[in-house]
Each structure stands twice: as C-alpha cells, then as structure tokens.
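Q: What follows is the residue order along each chain.
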Amino acid sequence: MSVLAASPPALRAERSPGYWRGVGSRIARDPVVVAALAVIVALVLMALLAPELAPMAPDKGSMIRRLKPIGTPGYPLGSDELGRDMLSRLIYGARLSLLMGVVPVPVAFLFGATLGIVAGYAGGLVNALIMRTVDVFYAFPSVLLAVALSGTLGSGLGNAMFSLTVVFIPQIARVAESVTTGVRKLDYIDAARASGARPLTIVLEHVLGNVLGPIFVFATSLVSVSMILASGLSFLGLGVRPPDAEWGLMLNTLRTAIYVNPAVAALPGVLILITSVSFNLFSDGLRGAMDVRS
Amino acid sequence: MTPMIDIRDLSVVFGRGPKPVPAVDGVTLALAPGEVVALLGESGSGKSVTLRSLLRLHPASARVGGTIRVDGTDVMALSPRALADFRGRTVSMIFQEPRLALDPVYTIGDQIAEAVRRHRGGTRAQARARALDLFDRVRIPSAKRRLDNYPHEMSGGMLQRAMIAMALSCDPKVLLADEPTTALDATVQIQILLLVRELQREYGLSVIFVTHDIGVAAEVADRVAVMYAGRIVEEGAIADVIRSPQHPYARGLLDARVELAGGRDRLITIPGAPPDLADLPPGCSFAPRCARVSGECRTTVPPLAAPLGRGQVACFHPG
Chain A
1 MSVLAASPPA LRAERSPGYW RGVGSRIARD PVVVAALAVI VALVLMALLA PELAPMAPDK
61 GSMIRRLKPI GTPGYPLGSD ELGRDMLSRL IYGARLSLLM GVVPVPVAFL FGATLGIVAG
121 YAGGLVNALI MRTVDVFYAF PSVLLAVALS GTLGSGLGNA MFSLTVVFIP QIARVAESVT
181 TGVRKLDYID AARASGARPL TIVLEHVLGN VLGPIFVFAT SLVSVSMILA SGLSFLGLGV
241 RPPDAEWGLM LNTLRTAIYV NPAVAALPGV LILITSVSFN LFSDGLRGAM DVRS
Chain B
1 MTPMIDIRDL SVVFGRGPKP VPAVDGVTLA LAPGEVVALL GESGSGKSVT LRSLLRLHPA
61 SARVGGTIRV DGTDVMALSP RALADFRGRT VSMIFQEPRL ALDPVYTIGD QIAEAVRRHR
121 GGTRAQARAR ALDLFDRVRI PSAKRRLDNY PHEMSGGMLQ RAMIAMALSC DPKVLLADEP
181 TTALDATVQI QILLLVRELQ REYGLSVIFV THDIGVAAEV ADRVAVMYAG RIVEEGAIAD
241 VIRSPQHPYA RGLLDARVEL AGGRDRLITI PGAPPDLADL PPGCSFAPRC ARVSGECRTT
301 VPPLAAPLGR GQVACFHPG
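Residue numbers (the UniProt record's numbering), protein chains in the order written: chain A, 1 to 294; chain B, 1 to 319.
Pulled out of the complex, with its shape left as it was, chain B reads as follows (with noise of 0.2 Å):
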C-alpha cells in the first residue's frame, strides 16, 4: 500500500553563519492511510518542526532538505499558490493553544466559514451550514449559539474542539496536531483525545500527533517515533515501544512517569541535559548522558536497525 505520508531524510536548520541550529536532522517517516503516528520528545527535539515542515510553515530563513510525500504530492515542488490551495485540504493541523490560534476579532462560525469558502466555495449561509454541521460533530453543545461567539468567551476545551472543527471543516486527508491537549486541563485532555481519536476513524484520517507525554501518546497512537536531538531514535508500535523500550532515551522516557514515583519524594530522571542543537556532538546525541555508552557511540552515529525485527532503534546497544 501507497504511504498517506512519506517523508524521507527530512532536514530543517535555522540561521545562517557560524552556528547554524539543525532543529531536525534525517528524519524518515511513513504513515499508512488512516494510521496514528504519534512523535514524542521532549522540547528541542525538533518534533514540531517536523510537523510544520509537511506544511512548510517554517520562516523564509530556514533551510530545508529531503522529501515529503503526501497523497503523492510532493510537497516541497509546490508553488505558493498550490500550496496554499494543498493547505488545510489535503493537509491541516490543529494548534497547542487554541486560545491563540483563533483570531479574537472574529466569531469562531465566521472563521470556520472562511475556512469552508476558501476550499469548497459556496455562499456565506452553506458555510455557515457546514460550520453548524461541523460543530454538532465535534458536540458542541448549543452549537448555533457557540457559533457567534468569540474566541474569548469560551472555554479551553470549546475551543480546541471548535478548532479541530475547523481542521475538519474540507475533509483533509491528514490532520497535524501540534500538543493539541498540553494547554488543557486533565479531564479536558482525556475528552479531546478520545474526539481526536474517533474523529480519526470516522473520517479515516492519518495522524501525526505531536506530545511529550507518552501517557497521551498511548491514548491515541497505533505507532510511535521517539525524537531525540532532532533525530528519531526509535520507532514502533505503541504497546511494543512502552512495554520493551530499546532506546535507553525511550528507556529512560518511560521510567520519568510520575505515575512510577510510587511514595517516593524524587521522580526518576533521565542525568544531564538536553544537547546544544547548535553544538552536537560527532556521535550518538544521547551518549553524554547514556548509561550504557562505548566508544563506538562517542564518534558514529547510530543508524535505525530492527534488531528484533519489529519496529526500528539507532541505537548501537539497544534493550
């Protein structure tokens, strides 16, 4: 089967001169039609910008390298107006804080309605017809009075599924969801993710789910890349990766859970700190702060293997 996605040694690095940040570095990845994939890192570890990147959403200055596929298109060929036409229809992405993706000057229905007319044409009232139907999807409750509010009169909650609405709102292909549930509270969190993820199966939708939590990331993903200094470490299905991690980073992520921390005072942390983007060093990113580090770790970088067959791990002693 065709992959919905495909990207292939995708590169992203900011700033010119001495010092130039590769925020993402050969980054390879495949999402199967109507597949979950979720990317999980801490911050830094380039999982949003790869996100952006299908939709090039980086600034001018930022130079990008690779491939990506979706649907077949080649994003990186497109010309600005086709990819402003590709934007939203075949691909869109909900945001961390819907409080400040949505613009405070407008009703939630009129840029729901935007959205709708800039893809699928048609009168103000079928939008706004369509903006009702889509909120009655995401339950809104009294959608048609939520449709002429603004942003700020409703709730966190509201208004991440009011956005997913308007991610929703031309029958994308792919939805992008950048930490979609970060800036909401427990209960708000839980109720988003299952929407997302019937949403999901309702319309077929791939998925690329961006989070650091990996308790998010079992909630909604069939699969699961780990991000790490900008590469990912390690790949496979979600109840492979949480219940034998490879990757000592996974490893690691895994047992930082504060669910773990049982009685005890001190959550269990991973020693040391995130690598410099801009000053990595000439081997594995991780192995400065690896417990099981050699020689071979310090000088090459690992490359993703399959050692036990199922899903993928750069990592030289893996388990």
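Isolated chain A, as found in the complex (with noise of 0.2 Å):
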C-alpha cells in the first residue's frame, strides 16, 4: 500500500506493527480519502501505462486537423493548435507532471524537515543561524523565487525541479521548526531523559515521532502547490520544453485558442485541478488517519 512506501523510516522501524494497520483502516473508513487515493493511483497508472493507453504519438501532429472539438471521430477529447490528439498528450503529459509534481517534496521534505528538527530541538545560536537564513529564502514569494531560479538555471526539467525543491525547503524547516520547538518543552521529552534515555534516541523517537507525522502531513500538501507551480514555470518557457506534453506547457500554447475552442483549451487545467484536489485531500485524510488520538 502506498501508505506504507511512504511511512518515514524511523516510525516503521519503532513503532508496534499495529500502527500502520491503524493507519490504513482509518484510511480506508473515508471514503473521500479512498476516492482521493484512487484518483492519484488512477494518474500515476495512466503515467506509467502512457504508451499502452494512448490511441496516437503524443507528438504526432496534423496541420488540417488543427483545433478539433471534444467528440471529433479519431479525437475523443479534440486536437491541439498542432493537430495532435488531445487525450494522447493528456495521457502523456501525466509523465511530467507528476514527476515535476512529486519529486521536488519528498527531496524538501528531507532537507527541510531535518533543518527545522535541529534547529526547533538545538535552539539558541543554532536555531537563529538556520532559521535567519531560511527567512531569507522565504521573504521571496514561491512563484518569484522559482521562476528567479529557473530564470538564473537555464530552463529544463532538472532545473525546474531543483528550483521547486529549494522554493520547498524553508516552507517545511519552517513547520518543522516550530512543531519542534513545541515538542521539546513537552513533559515525556523531559520523562524520557529522567528514564535514562539518550539524546540521540529522545532526537529519533520522542522528537521525530511527534513532529514528523504533521511535517509529513504539510509536505504530502505541497504535491499539489508544487504541480501548478511546475506547471506556471512550463507555462512561462521555463521548464519542459515542447514538444513534450506536459500539462501547464499545454495550458499555455493552447491559451491562444481559447476563443477558438475553450473546452478543449481548459482540459490540461482541469487535469491539474483533479490532480491537486486529489493530493491535497489525501493529506488531509492523511492528517486524521496518523493521529492515534482520533
């Protein structure tokens, strides 16, 4: 189960087996959520299946059948400005999405989330040093400081993947930090030590295993934020670049269409909305099902 790929090590290799168990069946008790979790699972299938699935090459184009509405014979959802089918670039296009989506938040998540735990447990001199430097990143507004970075990189995938994850990073030291900070106070870390506890195991049980499952939350809620960003850097030139499907690219070249044919012009984003939707009310449903307290 994808619960269980994505539990953090250090819960896993502690904790009672039952927790995940009782993870997965407050999970499974939500509807929403089951629906949210098929709909990603349904994505990340048409990603992997893309060759299989897709009735023509994403790139195939053909000058007279340019801007063909939803419903035309041989083009179930329409034809691009290119001529090039609409559902086989969709389909494609869930490729660089996702990755462009999925990849920048588990690598921020690492980064960020150790950052802010040391900084949130250390305090003092330690915890002004990281947490200075990470305001400055965080004084810049996402969009601008991704599209700055992209901008300053060159455009690409990998760039605009790099520029996600270090647009991430203070997001999540910053949660990190302050969930920290707030735990370390708390009586059982105190307990723990007066047990005989050492510092490393009070940082990796005590500390993680509190902070961790809401840094974890917040990070799975970045997916989303992450993909329309992605999807604005490729809109403005800077990530993928055509031919690749990707769907903000789309969104973008198929914007002068729009008066021409809005339904087909407004799919890409429609995909982004279902995507993002889906992510964002898994973490939630996430939230709920890794709180044992519910």
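These are calculated hints, taken from the structure and not from any lab test.
Hints are supplied without guarantee of correctness; some may be wrong.
[As the list claims (entries may be wrong)] Derived contacts from chain A toward chain B, CB cut-off under 10 Å, selection only:
#1 19
#2 187
#3 188
#4 189
#5 193
#6 198
#7 205
[Unchecked claim] Here are the computed distance ranges between Cβ atoms for each label pair:
#8 137/A x 15/B: 29 to 39 Å
#9 132/A x 79/B: 28 to 38 Å
#10 279/B x 137/A: 57 to 67 Å
#11 129/B x 30/A: 47 to 57 Å
[As the list claims (entries may be wrong)] In silico DMTMM-like cross-links for lysine to aspartate or glutamate, where the CA-CA straight-line distance does not exceed 25 Å:
#12 144/B x 202/B
#13 185/A x 85/B
#14 173/B x 279/B
#15 173/B x 71/B
#16 173/B x 81/A
#17 173/B x 202/B
#18 185/A x 97/B
#19 19/B x 179/B
#20 185/A x 42/B
#21 173/B x 190/A
#22 185/A x 179/B
#23 19/B x 153/B
#24 173/B x 219/B
#25 60/A x 30/A
#26 144/B x 291/A
#27 185/A x 259/B
In this text, a Cβ means the ideal position worked out from N, Cα and C, and glycines have one as well.
Each chain sits in its own coordinate frame; assemble them with the hints.
A: Spelled out as structure tokens, the structure:
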C-alpha cells in the first residue's frame, strides 16, 4: 500500500506493527480519502502505462486537423493547435506533470525537516542561524523565487525541479521548527531523559515520532502546489520544452485557442485541478488517520 | 549506616544578569535506604527543583552548587554517558501529570519496553514480558490488552500506574515522585498513594515525595522536610511535625487545612504572600509574614538546629 511505502523509516522501526494497520483501516473508513487515493493511483497508472493507453503518438500533428472540438471522430478529446491528439497528449503529459509535482517534495522534505528539527531541538544560536537563513529564502514569494532560480539556471526539467525544491525547503523547515520547538518543552521529553534515554534516542523517537506526522502531512499538501508551480514554470517556458507534453505547457500553448475552442483549451487545467485536489484531500485524510488520538 | 541519598548544601540558581533567581539555597538532606521523605511546600518553594537536581534535569543555563551522592555515586561529577545510565537505573522519577509525561504517539507497552531495553538489554519479546509483569505488579486490570493502549485511551489513574510501572522497570534504588497524585481525583489519589507505599516496601526503595498536601505527606512518608523560599525550614519525623510543628510556617500550613475549617466560612490562612525569590529579605525569608518576628530574624538567616533533640528547625523562636 502506498501509505506504507511513504512511511518515514524512523517511525516504522520502533512502532508496534499495529500502528500502520490502524492508519490503513482509518483511511479505509473515509470514502473521500479512498476516492482521492483511487484518483491518484489512476493518474500514476495512466502515466506509467501511457504508451499502452494513448491512441496516438503525443507529438504526431496534422495541419489539417487543428483545434478539433471534443467528440471529433478519432479525436475523442479534440486536437490542439498543431493538430495533435489531446487525449494522447494529456495521458503522456501525466508523466512529466506528476514527476515535477512529486519529486521536489520528498527531497525538500528531507532537507527542510532535518534543518527545522535540528533548529527546533538545539534552540539558541543554532536555531537563529538556521532559521534566519531560511527566512531570507522565505521572504521571496514562492513563484518569484522559482522563476528567478529557473531563469538563472536556464530552462529544463532538472533545473525546474531543483528550483521547486529550493522553494519548498524553507516552508517545510519553518513548519518543522515550530512543531519541534513545541514538542521539545513537553513533559514526556523530560520523562524520557529521566528514564535514561540517550539524546539520540530522544531525538529519533520522541521528537521525530511526534513531529514527523504533522511535517509529513504538510509536505503532502505541497505536492499540489508543486504541480501548479511546475505548470507555471512550463507556462513561462522555464520548465518542460516543446514538443514534450506537460499539462502546464499545454495550457500555455492552447491559451491562444481559448476563443476558438475553450473546452479543449481548458482540459489540461482540469487535470491539474483534479490532481491537486486529490493530493490535498488525501493529505487531509492522512493527517486524521496518522493521529492515534482520532 | 551510609545514606542512600546524601544532598549537601545544594543550591540552584536560574537566570543570569542583574536578577538571578535562587530557586534552591543550601538544602541539605539525607535519606536512609528504604526511607520515604516528603518534601512539603507551596509552589515556588524549590521542592521540585530539589527533586530534579537528583537527576540533573535542569536546563543548561541553571547553575547548580553543592554535592549530591546517591548510593555512593557523585551525581554532579557524572559524565553525560554515565548520567544517562544512572537515570532510570539507579534513580527514576514519576511526574505530576501522567498524561503529559507519556509520549502520545507510542503505546504504553512500547514505552516501558524501551526503558527496559535501554538499561537491561534483551529482545523486544523479553522487554514486553517484563512490561506485562510490571503491569500486574501495579495492578492494572487486563494488563495484556492495556499494553497496546495509547496514553489517550487510558484514565489518569491507570496512566499514573503505568508511569510507576515504567519507573520501576529497571529496579531502581531511589524513586522520585513529583506530586504524582495532584492531577488525580481524590479516590484515585489514595489508591496511588497506597500503591507507592506498598511497592516502596516491597522493593526497599528510598523515596522522595514532593507534595503541597500535608495529608498526602502523612499518608506516605516516614519523615517530612518543609521547604520555604528555597530552604528547608523544618525537618523531622512525620508524626512529630504534624503533632507539634516548631516552625511558624509549618504551623501555618497545618492550620490552613480544609478539615480544620469546621463550619466556618473562611479557611485559616498565612497572612502575606510568598517572597519574590529574586529579591529575598536578608534574614529569615518567612520574617515578613511571621507573627513571632524579632530584630534578629530580619538580619540573620536562622540555621537549622535541633532544640528538642529530634528533628531540625530553622527558627530563632521555635515552638
């Protein structure tokens, strides 16, 4: 199950085996979360099986069949401004869109959570040093920062993902720092020290165990933001380059056709919307399910 | 007999700069093996700070002076590694609010097993068996099922029992109890007190029991030390102190009990308010509130003495 795959390893090692089973059953009880998870799984399958599913090659155009409306024979979802099959391009587009939405988040989670937890647990000078540096990055609006970084590094998939990662690190670090600072002062940390737990045990089990859940859930909600930002970068010509199919880029190129064929032009946007809503609903459900008190 | 706990001239000062706060000032206290001493006093009297000093649980900014020996070990001189081995193994502690002192995201069984494996090693299964055994000792019903409960799934009384089980998991010699019954309701309080007393006898533990409730002290303790503004003002056998308190503050505490109010509308109170620790008077810190105050009290801190040949009192006008 994908929840298990996503579980932070530090937790899995020390929890009773019953914990993740409990999370699973709590997720299964909530139809909205199950539906969101199903949509996510379907999207991932669609991306993986694109060559099998797509009726045509995504870059095969036809000058005489441009901007066909939805329902045209042979073009169930119409065609774009170069006469390429929209259905095929949307299916192939899932690959790059999901990649750019999903990859920056775990990387940023790793760095951001580490920075934030270290800052929160150490406190004092270390905290000030880390958090003020983070604040410098945080001061820029995320879109602006992503655009500036991508613009400087040049367009391309790797650079776009890198800049998105940099954008998310301060956000995750701030959440991690505030949660950790709160947990550090609680009685059970003192109690763990009083029972002889070593500092590393305290950080890895009692601090991580209590802060990873909230940080993890926050990070999950960033997946949709990442997708939208990635689409934005592609839209500005800083992410994926044509003729590769990516939803943000498709939205950009079809923008000129919005008066001719608005339904077709909106399709990539609809998919971005569905994907980000699914990720948000799922992360909301996960927040509830991971809390043993629920 | 060598004492199990030997605290000499302990002082703890919080904060730096122009107004440091001396939370504990010159506390000397010794406990024999198997002895239960209650530290009695109001909020801010330094009783919890004294207790936490035994495990060196203070923030790094606190300045701690004096010596503490537990079972021959100089606690102040322990290296961080040796200190971690000492905590929970030689001295363990139970807290005021069990709901906050247990980690909410792990089951109780896992938390006890962690403590067991920390000090005694062994497999997960062995640690769990030990936890189950401890749960039976502290009389938690359907112990096996309770091990898999999270803290939020248990009542306060059960949690405090679990906390005691955890504290006893590595056969410590000393148990520190920081107002363990304050957060519980009255019927559960007495059960926990009886349990502590019983386990103390069974394991031969030395116990320091911090409380502000003289009734609780009478229930569990052999001896009592009354603290005021960071100093011990009276110390003696529990029966002696309750029957004939020598220090005016101890007398005030005894008179202020609800049970003595009878049919009256108002309780008897000690006039005035506890002093600001950062700005203590030069002499006896109880002097501003004391009815027996004399000139000497305002200039000199009265030393602990034994005018009756039993117990000790820090007062120029005892009785």
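Q: Could you run down the list of hints and mark each one as holding or not?
A: Verification of the supplied hints:
1. 19: With a minimum Cβ separation of about 8 Å from chain B (threshold 10 Å), the hint on residue 19/A holds.
2. 187: Result: holds, 4 Å to nearest chain B Cβ.
3. 188: holds (5 Å)
4. 189: holds (9 Å)
5. 193: holds (6 Å)
6. 198: holds (5 Å)
7. 205: holds (7 Å)
8. 137/A x 15/B: 29 to 39 Å: holds (35 Å)
9. 132/A x 79/B: 28 to 38 Å: holds (34 Å)
10. 279/B x 137/A: 57 to 67 Å: For residue 137/A against residue 279/B, whose Cβ atoms are near 45 Å apart, the range 57 to 67 Å is violated.
11. 129/B x 30/A: 47 to 57 Å: violated (37 Å)
12. 144/B x 202/B: Within the cut-off at roughly 23 Å; holds.
13. 185/A x 85/B: holds (22 Å)
14. 173/B x 279/B: Outside the cut-off at roughly 38 Å; violated.
15. 173/B x 71/B: holds (8 Å)
16. 173/B x 81/A: violated (82 Å)
17. 173/B x 202/B: holds (12 Å)
18. 185/A x 97/B: holds (14 Å)
19. 19/B x 179/B: violated (29 Å)
20. 185/A x 42/B: Answer holds: residue 185/A to residue 42/B is near 23 Å, not above 25 Å.
21. 173/B x 190/A: Within the cut-off at roughly 20 Å; holds.
22. 185/A x 179/B: With a Cα-Cα distance of about 19 Å, the restraint between residue 185/A and residue 179/B holds, given a limit of 25 Å.
23. 19/B x 153/B: violated (44 Å)
24. 173/B x 219/B: holds (21 Å)
25. 60/A x 30/A: Not OK: residue 60/A and residue 30/A at ~42 Å, beyond 25 Å, violated.
26. 144/B x 291/A: With a Cα-Cα distance of about 23 Å, the restraint between residue 144/B and residue 291/A holds, given a limit of 25 Å.
27. 185/A x 259/B: Status violated; Cα separation ~37 Å.
Violated hints, listed in ascending order, are 10, 11, 14, 16, 19, 23, 25, 27; each of the other numbered hints is respected by the structure.
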